[in-house]
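A.B. asks: Chains A and B, in that order, are what the protein sequence lines are. Residue numbering for the first sequence follows the numbering used here, starting at 43 and increasing by one per position. Residue numbering for the second sequence follows the numbering used here, starting at 43 and increasing by one per position.
Since the hints were made in silico from the structure, they are not lab data. Among the hints, erroneous ones may be present.
As the list claims (entries may be wrong) - Below, simulated SDA-like cross-link-like pairs (lysine to any residue); rule was C-alpha separation at most 25 Å, straight line:
{"no.": "1", "chain 1": "B", "residue 1": "255", "chain 2": "A", "residue 2": "89"}
{"no.": "2", "chain 1": "A", "residue 1": "94", "chain 2": "B", "residue 2": "89"}
{"no.": "3", "chain 1": "A", "residue 1": "255", "chain 2": "B", "residue 2": "51"}
{"no.": "4", "chain 1": "A", "residue 1": "51", "chain 2": "B", "residue 2": "208"}
{"no.": "5", "chain 1": "B", "residue 1": "255", "chain 2": "A", "residue 2": "90"}
{"no.": "6", "chain 1": "A", "residue 1": "204", "chain 2": "A", "residue 2": "72"}
{"no.": "7", "chain 1": "B", "residue 1": "51", "chain 2": "A", "residue 2": "72"}
{"no.": "8", "chain 1": "A", "residue 1": "94", "chain 2": "A", "residue 2": "218"}
{"no.": "9", "chain 1": "A", "residue 1": "303", "chain 2": "A", "residue 2": "273"}
{"no.": "10", "chain 1": "B", "residue 1": "94", "chain 2": "A", "residue 2": "89"}
{"no.": "11", "chain 1": "B", "residue 1": "51", "chain 2": "A", "residue 2": "207"}
{"no.": "12", "chain 1": "B", "residue 1": "51", "chain 2": "A", "residue 2": "328"}
Number of protein chains: 2
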Amino acid sequence: MRAVDLIRKKRDGGTLTTEEIAFLVGGIESGHVADYQWSALLMAIVWRGMDKAETAALCDAMMRSGEVVDLSGIPGAKVDKHSTGGVGDKTSLILAPIAAAAGVMVPMVSGRGLGHTGGTLDKLESIPGFDVNLDLTEYRDVLARCGLVLIGQTPEIAPADKFLYAMRDATATVESIPLISASIMSKKLAEGIDGLVLDVKCGHGAFLPDEAKARELAATMIGIGRSLGKKCVALLTNMEQPLGRMAGNALEIYESVETLKGRGPQDLADLSIELAAEMILMAGIEPSIEAARQRAVRTIEDGSALERFRQVIAAQGGDPAVCDDPLRVLPQARKMVPITAKTGGSVAAIKARDIGQAIMLLGAGRERMDSHIDPAVGIQFEKKVGDPVAAGETMAVLHVNNEMRLAHALELAEAAIEITPEPSVPPLGVILDRIG
Amino acid sequence: MRAVDLIRKKRDGGTLTTEEIAFLVGGIESGHVADYQWSALLMAIVWRGMDKAETAALCDAMMRSGEVVDLSGIPGAKVDKHSTGGVGDKTSLILAPIAAAAGVMVPMVSGRGLGHTGGTLDKLESIPGFDVNLDLTEYRDVLARCGLVLIGQTPEIAPADKFLYAMRDATATVESIPLISASIMSKKLAEGIDGLVLDVKCGHGAFLPDEAKARELAATMIGIGRSLGKKCVALLTNMEQPLGRMAGNALEIYESVETLKGRGPQDLADLSIELAAEMILMAGIEPSIEAARQRAVRTIEDGSALERFRQVIAAQGGDPAVCDDPLRVLPQARKMVPITAKTGGSVAAIKARDIGQAIMLLGAGRERMDSHIDPAVGIQFEKKVGDPVAAGETMAVLHVNNEMRLAHALELAEAAIEITPEPSVPPLGVILDRIG
Chain A
43 MRAVDLIRKK RDGGTLTTEE IAFLVGGIES GHVADYQWSA LLMAIVWRGM
93 DKAETAALCD AMMRSGEVVD LSGIPGAKVD KHSTGGVGDK TSLILAPIAA
143 AAGVMVPMVS GRGLGHTGGT LDKLESIPGF DVNLDLTEYR DVLARCGLVL
193 IGQTPEIAPA DKFLYAMRDA TATVESIPLI SASIMSKKLA EGIDGLVLDV
243 KCGHGAFLPD EAKARELAAT MIGIGRSLGK KCVALLTNME QPLGRMAGNA
293 LEIYESVETL KGRGPQDLAD LSIELAAEMI LMAGIEPSIE AARQRAVRTI
343 EDGSALERFR QVIAAQGGDP AVCDDPLRVL PQARKMVPIT AKTGGSVAAI
393 KARDIGQAIM LLGAGRERMD SHIDPAVGIQ FEKKVGDPVA AGETMAVLHV
443 NNEMRLAHAL ELAEAAIEIT PEPSVPPLGV ILDRIG
Chain B
43 MRAVDLIRKK RDGGTLTTEE IAFLVGGIES GHVADYQWSA LLMAIVWRGM
93 DKAETAALCD AMMRSGEVVD LSGIPGAKVD KHSTGGVGDK TSLILAPIAA
143 AAGVMVPMVS GRGLGHTGGT LDKLESIPGF DVNLDLTEYR DVLARCGLVL
193 IGQTPEIAPA DKFLYAMRDA TATVESIPLI SASIMSKKLA EGIDGLVLDV
243 KCGHGAFLPD EAKARELAAT MIGIGRSLGK KCVALLTNME QPLGRMAGNA
293 LEIYESVETL KGRGPQDLAD LSIELAAEMI LMAGIEPSIE AARQRAVRTI
343 EDGSALERFR QVIAAQGGDP AVCDDPLRVL PQARKMVPIT AKTGGSVAAI
393 KARDIGQAIM LLGAGRERMD SHIDPAVGIQ FEKKVGDPVA AGETMAVLHV
443 NNEMRLAHAL ELAEAAIEIT PEPSVPPLGV ILDRIG
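Only chain A is shown next, with the shape it has when bound in the complex (with noise of 0.2 Å):
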């Protein structure tokens, strides 16, 4: 077999067979295929593509290329929920704990924070002391003992995907549903677990914008899954606003511990509920998703889910007080900048893309890898589309520490809030369509 012959097969429109995707995934450790054949053949893939069969078979051949962690000494289905990104998506915090407090094992390995898109581990790491680079051992241990476990990429996962993920970042291929698909899946299902539910996100601060594009990621994943022998179950939810009232690392584990005390926002609550119902339902705990709905909803009202987000954090080293007093002990912006309604009306649009590009540049988030994160600042609404508003009223609060890009987020966070005369607007849904 040579690396050429299979290059110019996927040119040419061909379909590579699980032995010839193993053998090009192999050569990237082995040396036998270069790194520039692998970046003209992931050209060659953003062309025409890849079946079915040949992205599972990807995906496994890139999941093969490191650890596959076994779980199965732990008691329990192990469920994991991953989201394609968005503004102010923190359910990974709330969810967690609701679907370990209902009896589900959640083994969570997140990401971090790029663009104007947040990411788990960021969050995590507003609270002080907390620590995502577990070993494996301790990865084991902490999901034993809490029931769920919250970590970043260690270096025994999925190898080949950091290799793609670079090469496909430095040459323009990143834009390939089944690349997309297998990447995420391939570290996903390394993480040694039963089930998957996907949050795929649509709409203006989405990852993948058009919603039938989303849908495409989200059929792509659930056969990817499904091939490999998972449960598999999407939903379809809208990104076009923030999700929740808050944005910025601190500020969303504070909106996260309301959200865990029952106080949180509408369209956060609904969400983070309805993920860990899913998680529910496809681990065996509860027979219809209906019960696993009014299972989470108990988690939170009898405190047993906030009471394992105080466990989890406490086995990581962080402090547990959070759970109690947040504002306490997360770091706080020196300055509050609001917003207010040059006009009255209703909110039309928040565009969330905007949103999460004017605190990127008050350092809530990444422009590149090496950027550093400031954990206190972000913006807070207190207009969501669909409120009402007079002329005048704060619609929002930016958290600011450094001044230097002030005006540049002002202008942008300004611009992103968009306000009609009608007196009525009806709110977006969050909740679009269950794939699978």
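Got chain A; can you put chain B on it based on the hints?
C.D. replies: Only chain B this time, still in chain A's reference frame:
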């Protein structure tokens, strides 16, 4: 400027500017464009193509990556010919002395054979002592003294093309008319020529068998040449059957000498004279193609073309006696293996690519760039397409040294010569069209 943004632009069907292309080609030497970025870009170019201006800019940047030879110190118009290659295609060896004898300066940089296609350098090296590896000073000197020079590519010429050629070979990105054209033209234009006559082959033995593709290649190369201020014209010629009656390195030198003596086969003589006439016309030596044609014929009749060949052979260290007694000077194969007609009728086809493969198996050509060449072996045709043939009559003779792969070669060659019971088949025309 970042390579990844330019790759994305081409991936999405955009048009690269001259500055962007210069940045990308310059990045090969400077290292600011990685090889894996170039290979992804090459695949995007195979996918999306390049327009006329992009192709010319690529060629220009590749040409300028090395030394562009300055021949302005040598008086006279410098005109070269390039052929896209075929089987039995030895016109360079004939037309270069003809054109030189007519007063054209012919600075010819040629290549080696690969696969079923022969190469001028390999043919020349079957002349004992002939040295194709001159440096640029010797190159200028032989040209000034003889009016022609016949060398291989030097390291100073278009190093970016060497890099890209190797990259394309390893990444299945060879088959792109803009990339092929820019590669050919970058080397040719770096020779220091004023004009170029192209012999673009189509048919069974050609690099691009399809006539429409061959026309596209011709038009693209002419477009590049003219964009960069050079005179260019192309003949579209037939490579269905081998050109002339001999294929194999020493055999083709023999046939070239015979043709320079006015005793060559019709198709070879006609094409060599026509290409030489185009060079004479382009150099402004004669006012019309008809006058140029007559001038070319006269250089054969008066022996001046053969004399030029003798001179350049002597100047490059070869034995000039090859012009007087080629059978004594050239290496001979040990064994002659005839191919006889199984039935009578007419020769309907001699499939050039299969003939090229057959003699490659005997050692006349290279399977890989590092394969060893046997100069003595090859094939000699007694019959060509259109000739009547009786059952049992000899159609061709294989010249063989190593019998290891003879059976396979014989089988291929026998199958390549097709006989029809029809008493009369029209001979194949050689020159199909003039483009430019």
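A.B. asks: Regarding the pair residue 255 (chain B) and residue 89 (chain A), is the alpha-carbon distance no greater than 25 Å?
C.D. replies: 22 Å, holds
A.B. asks: Decide if the proposed pair is consistent with the structure: residue 303 (chain A) and residue 273 (chain A), CA atoms, cutoff 25 Å inclusive.
C.D. replies: Measuring from Cα to Cα gives roughly 30 Å; hence the hint is violated.
A.B. asks: Between residue 94 (chain A) and residue 89 (chain B), is the straight-line Cα distance small enough, at 25 Å or below?
C.D. replies: 23 Å, holds
A.B. asks: Is the Cα-Cα distance between residue 51 (chain B) and residue 328 (chain A) 25 Å or less?
C.D. replies: Given that 25 Å is the threshold and the Cα spacing comes to 50 Å, the pair is violated.
A.B. asks: Hint check: residue 51 (chain B) vs residue 207 (chain A), CA-CA at most 25 Å. Holds or violated?
C.D. replies: 20 Å, holds
A.B. asks: Taken at face value, is the distance from the CA of residue 218 (chain A) to the CA of residue 94 (chain A) at most 25 Å?
C.D. replies: Roughly 13 Å between the alpha carbons, so the hint for residue 94 (chain A) and residue 218 (chain A) holds.
A.B. asks: Tell me if the straight-line CA distance from residue 94 (chain B) to residue 89 (chain A) falls inside 25 Å.
C.D. replies: 23 Å, holds
A.B. asks: Take a quick look at whether residue 51 (chain B) and residue 72 (chain A) sit within 25 Å of each other, Cα to Cα.
C.D. replies: Distance of about 32 Å is beyond 25 Å: violated.
A.B. asks: Would you mind confirming whether the straight-line C-alpha gap from residue 204 (chain A) to residue 72 (chain A) stays at or under 25 Å?
C.D. replies: 15 Å, holds
A.B. asks: Taking 25 Å as the top limit, are the C-alpha atoms of residue 51 (chain A) and residue 208 (chain B) close enough?
C.D. replies: Holds. Residue 51 (chain A) to residue 208 (chain B) sits at ~19 Å (cutoff 25 Å).
A.B. asks: Quick one, are residue 255 (chain A) and residue 51 (chain B) close enough, alpha carbons at most 25 Å?
C.D. replies: Roughly 21 Å separates the two Cα atoms, so the pair holds.
A.B. asks: Check whether the Cα positions of residue 255 (chain B) and residue 90 (chain A) lie no farther apart than 25 Å.
C.D. replies: 22 Å, holds
Of the hints listed earlier, those the structure fails to meet are numbers 7, 9, 12, in rising order.
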